[in-house]
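Line by line, the protein sequences are chains A and B. Numbering-wise, the first sequence is residues 1 to 319 according to the numbering used here. Numbering-wise, the second sequence is residues 1 to 294 according to the numbering used here.
For the record, the hints were derived by calculation from the structure and aren't laboratory data. Keep in mind that a hint or two might mislead.
For the chain A half of the interface with chain B, some residues (derived, Cβ under 7 angstroms), not all of them [said to hold, decoys possible]:
| no. | residue |
| --- | --- |
| 1 | D58 |
| 2 | L96 |
| 3 | S97 |
| 4 | P114 |
| 5 | E115 |
Glycine included, C-beta positions come from ideal geometry on N, C-alpha and C.
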Amino acid sequence: MPNTPAIRTENLSKTFGKGKTFITAVKGLNLEVARGQVYGFLGPNGAGKTTTIRMLMDLIRPSAGRAEINGRTVREAGALARVGGLVEGPAFYGYLSGRNNLEVLARTADDYRPERILNLLEQVGLAARAGQPVSSYSLGMKQRLGVAAALLGDPDLVVLDEPTNGLDPAGIQEMRGFIRGLVRERGKMVFISSHLLNEVEQTCDRVAIIQKGEMIREGPVAGLLAESASNLRIQAAPLEQAEQALRERWKISRESIPGDAVPWLVVEAPPEESPLVVEFLVGHGIRVHQVVVQRQTLESYFLAATRDLPAGIGEAADD
Amino acid sequence: MINLLRAEWKKTIWNYKLTGFLVWGFPVGILGFYAVMLLTGLFSRDAMEGMVATGSGDWTVDALGIWGVILAFPFTILTRLIPLAFMASVFAGEYQSGMWKYLIPRNRRPLLILSKMAVVAVLMTLAFTAASAVVVAGQGIGRKLTGLAFGPALSGEVVGDFVIRYGQTLLLGVLALILLAAIAALAAILTRSVLGSLLVVFLFSTLDSLSMYILMLLAKILSLPGIVGLYRYTPQCNLDNAQSWFATDAAIRLPFENFSTGPDLGFSLAMLVIWAAGLTALAAAVFERQDISS
């Protein structure tokens with residue numbers, strides 16, 4: 001089934017409650033996720049991400065529409081046999097050790113291989129604590145055990161809901177590498193939901209953004225970031241003269257940044273126009289002190305998309 | 001299925017706090033009782049005689065006594081509370097630990113429920129059987145020390161009769177355990193809480209235990225005397241009736257004009273199986289459709 005999407009949803013909807021108190025958590029979601037990539041699933045709190053993931057994992061029945069994994073509806077017996085999931089934070093039997101928790105889960109799936117459990121515990125850095133009760137684990141350790149649990153059956157598709165929750169910066173970096181490794185070295189498809197947009201930007205090939213249960217954007221990360229123009233930020237003197245000159249050709253605004261003695265001029269122009277802008281200012285006898293290209297980030301894109309505003313500007317980088 | 005049962009067994013048996021109090025509490029508690037009484041009896045003959053007086057003097061009878069926790073109305077109204085608390089914890093515990101989200105994608109929902117029921121029934125059966133052995137041993141030692149007989153003497157016939165009698169009690173006990181486990185599962189699925197499911201299953205057990213009196217009352221209030229006939233379809237009536245058939249080879253006597261005796265043994269066993277299977281199927285069907293949203 002090389003051409004069958006790993007995940008496909010068709011008009012997937014979920015409504016909780018009835019009568020006047022119903023809430024539509026997911027509304028007509030159409031999603032098609034190809035194999036061999038890391039796919040980010042983004043949305044603000046309450047957007048319907050976890051409800052969608054729960055429907056994909058057959059934990060919640062859709063009110064309408066269908067969800068397919070590897071071409072089979074998730075409710076079919078065995079449809080989730082090649083899927084591993086970490087849904088909404090880790091949960092384990094606190095009185096059992098990490099190793100025993102994994103054994104219970106592996107046996108539940110009728111796929112108990114002791115050597116695989118030891119191998120996974122080593123991969124997620126829990127081998128040394130494998131025999132200790134999970135109640136003594138930190139949140140980060142439980143999170144890593146959750147990822148090990150998701151990988152127990154050597155799944156083709158790994159669904160991770162907030163996999164870096166509770167991890168320290170080093171742990172986040174390690175997890176990012178681990179997730180990338182799953183795709184590049186082991187050919188897994190990873191579907192990841194996260195609030196950490198910087199992490200998603202660095203980890204994912206494609207993203208979908210949902211809001212109020214509906215998809216509002218979908219595409220390759222690079223493509224989405226390229227969708228909205230970047231800006232140039234300029235420090236020049238004399239400021240008023242520079243402002244007046246630039247206004248002749250570009251849309252500009254003034255921005256004061258705490259700690260900076262001189263205000264910045266924000267020019268709505270793509271990075272490739274920066275030599276032109278500098279040349280233009282110099283031609284008007286204006287001294288240019290700094291030109292900075294403001295790159296669009298996934299975070300700013302996400303905020304703009306979910307607020308229904310034009311994409312804003314985020315992280316700055318020297319040009 | 002074997003792996004699923006082993007998974008369920010492991011997570012249940014390793015929950016020492018739960019099984020320690022609510023399962024092994026029966027044999028260990030009785031062992032503690034006999035240990036204390038025997039030690040006290042070394043210094044006080046009265047204490048020793050008091051201890052042996054708790055038994056019948058017949059080991060084939062004493063060995064069956066512990067099953068009264070599940071079977072002997074009206075004590076069952078209270079004594080069932082301990083196994084019911086265990087069952088409620090096993091079923092509703094998965095909601096509280098948030099583990100269903102890991103378990104459900106790994107196997108079929110009805111099998112997850114069935115494996116829990118099987119482990120609960122097997123564990124309680126083992127606990128009651130161990131408790132039977134402890135009672136017989138404690139009574140045997142006490143009677144030996146006080147010089148009292150503890151009959152009947154072992155013989156092929158006695159052992160054969162005892163095995164049959166114990167097997168019959170075991171059959172009814174297991175049927176009752178499965179029935180209660182099924183209602184505990186259903187209650188846990190509906191309430192998603194240990195306390196909630198314990199309350200529901202306790203209510204069911206109590207209403208069932210008192211069903212004869214409730215039906216008599218309803219018959220009086222509604223002026224529908226025939227309504228008492230429904231009693232023969234209740235688990236309590238059929239448990240009592242089957243016990244009566246096994247013990248005396250006769251049906252129970254009922255205080256109703258038109259229904260003065262219980263049904264035959266086959267009917268009672270069939271009704272118990274129907275109740276257990278029906279409640280299990282209902283629990284599995286409700287669970288199959290349930291949204292696991294926490």
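Going through the hints against the structure:
no., hint, verdict
1, D58, "6 angstroms, holds"
2, L96, "6 angstroms, holds"
3, S97, "9 angstroms, violated"
4, P114, "13 angstroms, violated"
5, E115, "16 angstroms, violated"
The structure fails to meet hints 3, 4 and 5 from the earlier list, while all remaining hints are met.
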